[in-house]
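Chemist: Given the sequences, and given the hints that come with them, work out the whole structure.
Chains as they are written, first to last, in this note's numbering: chain S, 1 to 571; chain B, 1 to 571; chain F, 1 to 283; chain R, 1 to 283.
Just so you know, the hints here were simulated from the structure itself, not pulled from any lab data.
These numbers come from a predicted model, not from an experiment.
Just so you know, not all the hints are guaranteed correct.
In silico PhoX-like cross-links for lysine-lysine, where the CA-CA straight-line distance does not exceed 25 Å [said to hold, decoys possible]:
| # | chain 1 | residue 1 | chain 2 | residue 2 |
| --- | --- | --- | --- | --- |
| 1 | S | K568 | B | K445 |
| 2 | F | K267 | B | K235 |
| 3 | F | K11 | B | K416 |
| 4 | F | K226 | R | K226 |
| 5 | F | K126 | F | K11 |
| 6 | S | K350 | S | K445 |
| 7 | S | K235 | F | K140 |
| 8 | S | K187 | S | K169 |
| 9 | B | K350 | B | K416 |
| 10 | S | K193 | R | K277 |
| 11 | B | K98 | R | K11 |
| 12 | S | K491 | S | K568 |
| 13 | R | K180 | S | K416 |
| 14 | R | K277 | S | K157 |
| 15 | B | K445 | B | K403 |
| 16 | S | K416 | R | K267 |
| 17 | B | K193 | F | K277 |
| 18 | F | K203 | F | K126 |
| 19 | S | K235 | R | K277 |
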Amino acid sequence: MPVDFNFMVGGEAGQGVQSVGFLLAKVFARGGYHIFADQDYESRVRGGHNFFRVRVSDGKVDAIAEDVDILIALDRDSIELHQPNMVTQGIIIFDGEKIKGVSGNNGSLLSIPLEKLAEEKAGDKLMINTVALGAALSAVNYDLNMLNTVLVDRFGKGEVGDRNTAAAKAGYDYVQSERKGNFRKIKPLSEAKRMLLTGNEAISLGAIAAGCKFMAAYPMTPASSIMEYMAAKSKDLDLVMVHAEDEIAAINMAIGAAYAGVRAMTATSGSGLCLMVEGIGLAGITETPIVIIDGQRPGPAVGLPTRTEQGDLQFVLHAHHGDFPRAVLAPATIEDAFWVTTNAFNWAEKYQLPVIILTDQHLASSYATVDPLDLSQVTIDRGMLFSDKEDDPSEYMRHRVTKSGISPRAFPGLGKALVVTDCDEHDEEGHLTEDAGERTAQVQKRLRKLLSLKQEIGTPQRYGPKKAEITLIGWGSTYGAIHEAVDILRKEDASVNMLHLNELWPFPAEAVADAVSKARNSYVIENNATGQLARLIKAETGYDVSGRILKYDGRAFTPAYIAQAVKKEGR
Amino acid sequence: MPVDFNFMVGGEAGQGVQSVGFLLAKVFARGGYHIFADQDYESRVRGGHNFFRVRVSDGKVDAIAEDVDILIALDRDSIELHQPNMVTQGIIIFDGEKIKGVSGNNGSLLSIPLEKLAEEKAGDKLMINTVALGAALSAVNYDLNMLNTVLVDRFGKGEVGDRNTAAAKAGYDYVQSERKGNFRKIKPLSEAKRMLLTGNEAISLGAIAAGCKFMAAYPMTPASSIMEYMAAKSKDLDLVMVHAEDEIAAINMAIGAAYAGVRAMTATSGSGLCLMVEGIGLAGITETPIVIIDGQRPGPAVGLPTRTEQGDLQFVLHAHHGDFPRAVLAPATIEDAFWVTTNAFNWAEKYQLPVIILTDQHLASSYATVDPLDLSQVTIDRGMLFSDKEDDPSEYMRHRVTKSGISPRAFPGLGKALVVTDCDEHDEEGHLTEDAGERTAQVQKRLRKLLSLKQEIGTPQRYGPKKAEITLIGWGSTYGAIHEAVDILRKEDASVNMLHLNELWPFPAEAVADAVSKARNSYVIENNATGQLARLIKAETGYDVSGRILKYDGRAFTPAYIAQAVKKEGR
Amino acid sequence: MVTTSDYAGLKPAWCPGCGNFGILNALNRALVEMKIEPHQVLLVSGIGQAGKLPHYTRGNVFNSLHGRPVPPAIGARIANSELIVIAVSGDGDAYGEGGNHFLHAARRNHDITYLVHNNQVYGLTKGQASPTSDVGFVTKTTPYGAASPVNPIALAIVSGASFVARGFAGDIDHLSHLIKKGITHRGFALIDILQPCVSFNHKNTFQWYRERVYNLEDERYDPSDKKAALEKALIWGEEIPIGIIYEEDLPVYEDQLPVLSDGPLVKQKIDSRRVEKLLAEFM
Amino acid sequence: MVTTSDYAGLKPAWCPGCGNFGILNALNRALVEMKIEPHQVLLVSGIGQAGKLPHYTRGNVFNSLHGRPVPPAIGARIANSELIVIAVSGDGDAYGEGGNHFLHAARRNHDITYLVHNNQVYGLTKGQASPTSDVGFVTKTTPYGAASPVNPIALAIVSGASFVARGFAGDIDHLSHLIKKGITHRGFALIDILQPCVSFNHKNTFQWYRERVYNLEDERYDPSDKKAALEKALIWGEEIPIGIIYEEDLPVYEDQLPVLSDGPLVKQKIDSRRVEKLLAEFM
Ligand SMILES: Cc1ncc(C[n+]2csc(CCOP(=O)(O)OP(=O)(O)O)c2C)c(N)n1
Ligand SMILES: Cc1ncc(C[n+]2csc(CCOP(=O)(O)OP(=O)(O)O)c2C)c(N)n1
Ligand code: SF4
Ligand code: SF4
Ligand SMILES: [Mg+2]
Ligand SMILES: [Mg+2]
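Modeler: Structural data, given as structure tokens:
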């Protein structure tokens, strides 16, 4: 029987929901399963309601499911809120001694004296999480040893590790003896080695692999964990992460570092990006390569700080006054986030412009299993560089007008060439000018870079039959959900395929025009309120999509939601 | 003989080019002529090269001409740079004792000992400007008394006034005696009372007429003169202008004032607008009415600080993350700037959203004669207001979900209703929420306002025959130049008309689609490098224009330039 | 009569034991004791745990952007000079993102009261260093320890604020007294409040502050002496003075605006015809 | 040998008689005397008359946004710790638009030299008040007179800058000496320079400054005493001290970055394979 099984852990902020969820995911990842896990949390540190969903599958999964097979409910709200999602044979694990008088139709209630067991068997009331974890694994007859090694990896071999394994065992045994294995069995598969990581971790790794040596940022959900990861690795990986006073400083520091010759980036979310807009233009006119990560969340303004949205597309395409080139990328999956990021640094330097990576809270904080990354596939292309040795440094002009629009870069202080640039319009040397001719030449030179950059843009990813009556079009983090929705619909004999973009600007107009014009019905699937990609498609191809499946409540799409919506549109 | 005559004053910054130019314009405006005058200046306080062009016509003019009839050259550069533009019978007035060895084919050289006359007749070397002014007027046999009253208005009746009139007379007499009236004659017309004012003055007057009582801004060319005008009138007109520490503070102060119940605005240019982007979203989500003046200049970044461009269109349409309504207006002429501004305040309050007025350096600092404004035509519509008297203040909810999307406003402290709002997503009361349903309701409510706002948008202005082979499409300050280009082309028997937009968002898609689809050839005329309106048309109508006549060297279009370009496109 | 129940707002989403509760109580008490009704007050806050405070009491509320409570507070105060305007920030909000507004609001001496919940850490975003984190404070964004902190008290004094005080969330009586003084004071009144964050700041705890704070009113201290105030402002470590550190009658920005002497701007009528006289100037 | 001609840049577009010429001369002289070659220097400026300076000398130049010379200067300094990084601002640039960066760069004590051409007015935008305009200074944007000014010297000291000086554009010898000291100093070195603007500031003229400035080196003044420095910082009016007002050896931001001890970041190779060990942590 194929495995596609869903756990959920629910509780208040501060109860360790994240930790239980992560360990669950880890233990199945170690067992060779594919994992997709997402996090739903409020903008508070204690209390409220958080949950963590772990989807365990023996095939590749890139999206979350709505159904829940096993719910670990650390509080009463978790039961009340999520019972409707329980499958009929689902199990709700909770501490009946703490949460009294629970009832309901969906899912059978499996009350376990979590706290008591934690105290008795592990000598620590706070171990209830681990007891629940053991219980959950027991409810699918999973291998307890697998959990033990994960716990030891996490908590060490000392007392804490021991107490955790004891707690896990207590939960495991309790369920076994209570229910006598009267459950479905999920066994570890052959031990395929996969990594389990979040979108933000993938981006950070991509940046480091690409040789990013400088990051400056200001904390903002969901981008903060990138700065935190970079900071944590700064010593070992020889890089610098500056926690700046604000986002304006952050982007300007990164620009300074990039001008001086190191690969540099910043990361933020909508509100912070607003403050970086002037810096984007600074990078544009000084032709300084920088990478900007925009972790989208619902706007406008502070909006829903810990939720997801894809509402920044039109903003990042046009952020800043005047006309100059930029690139906009949007990773489709967690693995893609790694590759897109390495690519971003190359494009930034080859074309000497700002590259914006649009990710979102959903991609940023979801976990997925990823096959080992082949680092030998990472290419580093620093673009055209001026060399003192080959050319006369006294002739160097930072903004030389060339056919391609690309002027070789030199780095200040590394040679004798003086590297001069200016956020005023400048002449070829970089000095400020008001001359109409020089101005025109520089504008054209900068825009010419788009011509070759356009050639780099890959064809959007297609999935499903070449020809179909319905084409679902998406971008960025919705890839997994749309992909799976196609499967669901095709199983129901619909003629559906998918077109998905992870490179948004320069826009692959031809491929999209082709797809939209050929489909009888084309629907954009977007996590925003107006269909920003649909608007972009219209602007770039003239085509109207036939429908927009939009969601802007801050929650991610599920495959089932999309499939349902497509069917509704069809009616 | 119809009058359409062009003066130019050229010289270094600090030589009083602006003052001579303004007085020239004034003297002809007083004489009943229509005036259009523009200023070309560098980003420096002394030196360099500035010029001021004054077009004098007996019919309405809204654009500058390229030809020069009389050039007042205060330095040598002025002659060298502008001689090519002189008409064959043109005259170059200069001080041959200071500027020696001048020659050239275009325009006859009229050397006048300006400095000597200033010293001898007015007792002040610095009066050379006024001497030149007198000379220029003499060269068209204009009424010297008219100049005298203008000088007295400007310099008072005291010694300074006297010396100025003496200087003017000296120049006037010198030319009369030298050339014996051997010139074209321009006589004052019936004294039609018209105002002579700049675009920024028109905007300021519009704001004051609309009841704007609070402005906060940070100086930036070409918007600074709005803050300076507002500050100058703050005492007499009972308003407040705060020179803020930066643009972020400026827009946020304006938002605070608007929230508290007064009409409020800010003004800036591209770089400053970049810093206001987060504030735009704040106004969006808190539904606070503010008016933002964006005086466009060439970008990106600091670009060409004292030049003109229309490069902010796409930026202001999409500035900020997330989806929420806004309005974007772009005055066509200096008179229009007044009306557009009064309108902006009404829309801002009726729909409780940010309204952006796109002007540019050209419109901001050009002068035109405007027929007396009929203030009784100014309407004040403050939108839906909550009243303590009619309703129970304890039931008041700032963000009540209504059919129109508009929730009545109350002002804090004026009644017992508590006015609560938040830049987080909020519930109807204004308190922060993370609820998916409330979020969705608020997004929809805000976007619904666009439906009624759309009804307010007027039909774009048409000029020329209803049907034509060529339609020229423009927006904002290019109105005058395009309008006149149509005349030029039609005189040459071309079949041309014009479609011009001064209300850009919500976009009048139907009218534009109709025009573009009916014209055999449609050309956008835009002061930017990529054709931002063309892009907007495509996005909103799906239609491609047939061509783009673009200019992005920081200089405004002239009618002749456009006519020429259209003919080239046709080929 | 104004009672505590008039100030009963939504249930706080703060962590149990957070210092913010003390500040909320002190503020409510001050307002009640001053007999101010909720509709007379405008609370303008930024984003952060501190920024949520206005939702947990009652009044007019403008919960603004991160780092930006001060400018809208100024705008609103100028628009309606009858409003009691209180801006509320966290330390990151006030001195990090909002540093520039802080400086200039102090310098222009706007007539608002500014409560800064200074927990020396970023609470809402989960524990990064703030501009006031003690030197060496290790967080996920400052693995080598935070740089030397800003000194908000000294900054406010040298910038020109006319009322500069430090409170402690653990001393509600004293804090509510300071808040009353701040509200009564004409001009920019900064109250920087030591606020333990039980979740992310395990250094500057209630205990830590309690062992260090001492009340300036207990010594013969004259807050009108700027030099002495600056000396007090430099004290931080074994001892931490709380109370009014600097207070002076200094020119207030709003007082120099001629129009405000005719009453609140918001109450003044709009009359387009007044522009007539301006039009004449262009003839 | 480095000579003055190495520093001959474009022809300045400043007004004749502007104080900026003195600053340009003093800087060039300092660089020549320190035997620094143009390619070793990075000048990062903002927008304003002061911001144009780098074009009028020679070196690597990053002419940045208004208010933003400091952050890119920091970024560049971290990227290449062998560069001599000098940031250049006007008073509006540094203390208005750029106020927040100023505070925090001082606080973190980054190793750059910061020249602020303080003409107490906005020059390039034609005469509006600046944050340092004397109180009461009437301009088109401050018709009722400017509010009390920021005190850059005091701000820098209380924020944590380790070198704080004031120069005068009319005393090139002294100023060039200060600039040399500033460049040599490790840490954030602010040199606030009194710079007459002959076009828009008719109050604070060469004459006005000359009558007031006195050199701290002429009295027995110890710049390492913070309290004394703060007292000096408060002096403005009849007398204006110039010279090094505060200097201390304080921890420098860049010194705590472990990677910089291996030489400039920009010289370090990119090696993607080093990520291998990180990948293992996710298994
Ligand atoms: C422009 C912007 N940048 C960053 C954030 C993210 N953010 C929200 S609160 C906060 C800091 C909170 O720290 P503090 O101001 O000290 O408040 P506390 O939570 O400690 O009370 C940050 C960085 C944001 N909302 N907006
Ligand atoms: C974001 C932004 N705001 C405003 C401006 C316009 N601007 C250019 S220079 C300047 C102020 C100049 O004053 P200061 O910094 O004192 O330099 P000075 O010209 O006096 O040397 C301003 C406001 C700008 N370029 N960018
Ligand atoms: S994180 Fe800290 S500041 Fe925020 S509510 Fe919890 S204890 Fe208070
Ligand atoms: S305006 Fe002032 S600061 Fe600018 S160049 Fe002229 S004198 Fe110097
Ligand atoms: Mg804090
Ligand atoms: Mg200045």
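Chemist: All hints, please: hold or fail.
Modeler: Do the hints match the structure? See the list:
{"no.": "1", "hint": "S:K568 x B:K445", "verdict": "holds (23 Å)"}
{"no.": "2", "hint": "F:K267 x B:K235", "verdict": "holds (17 Å)"}
{"no.": "3", "hint": "F:K11 x B:K416", "verdict": "holds (22 Å)"}
{"no.": "4", "hint": "F:K226 x R:K226", "verdict": "holds (15 Å)"}
{"no.": "5", "hint": "F:K126 x F:K11", "verdict": "holds (21 Å)"}
{"no.": "6", "hint": "S:K350 x S:K445", "verdict": "holds (14 Å)"}
{"no.": "7", "hint": "S:K235 x F:K140", "verdict": "holds (13 Å)"}
{"no.": "8", "hint": "S:K187 x S:K169", "verdict": "holds (17 Å)"}
{"no.": "9", "hint": "B:K350 x B:K416", "verdict": "holds (22 Å)"}
{"no.": "10", "hint": "S:K193 x R:K277", "verdict": "holds (15 Å)"}
{"no.": "11", "hint": "B:K98 x R:K11", "verdict": "holds (23 Å)"}
{"no.": "12", "hint": "S:K491 x S:K568", "verdict": "holds (17 Å)"}
{"no.": "13", "hint": "R:K180 x S:K416", "verdict": "holds (22 Å)"}
{"no.": "14", "hint": "R:K277 x S:K157", "verdict": "holds (22 Å)"}
{"no.": "15", "hint": "B:K445 x B:K403", "verdict": "holds (8 Å)"}
{"no.": "16", "hint": "S:K416 x R:K267", "verdict": "holds (16 Å)"}
{"no.": "17", "hint": "B:K193 x F:K277", "verdict": "holds (15 Å)"}
{"no.": "18", "hint": "F:K203 x F:K126", "verdict": "holds (15 Å)"}
{"no.": "19", "hint": "S:K235 x R:K277", "verdict": "holds (14 Å)"}
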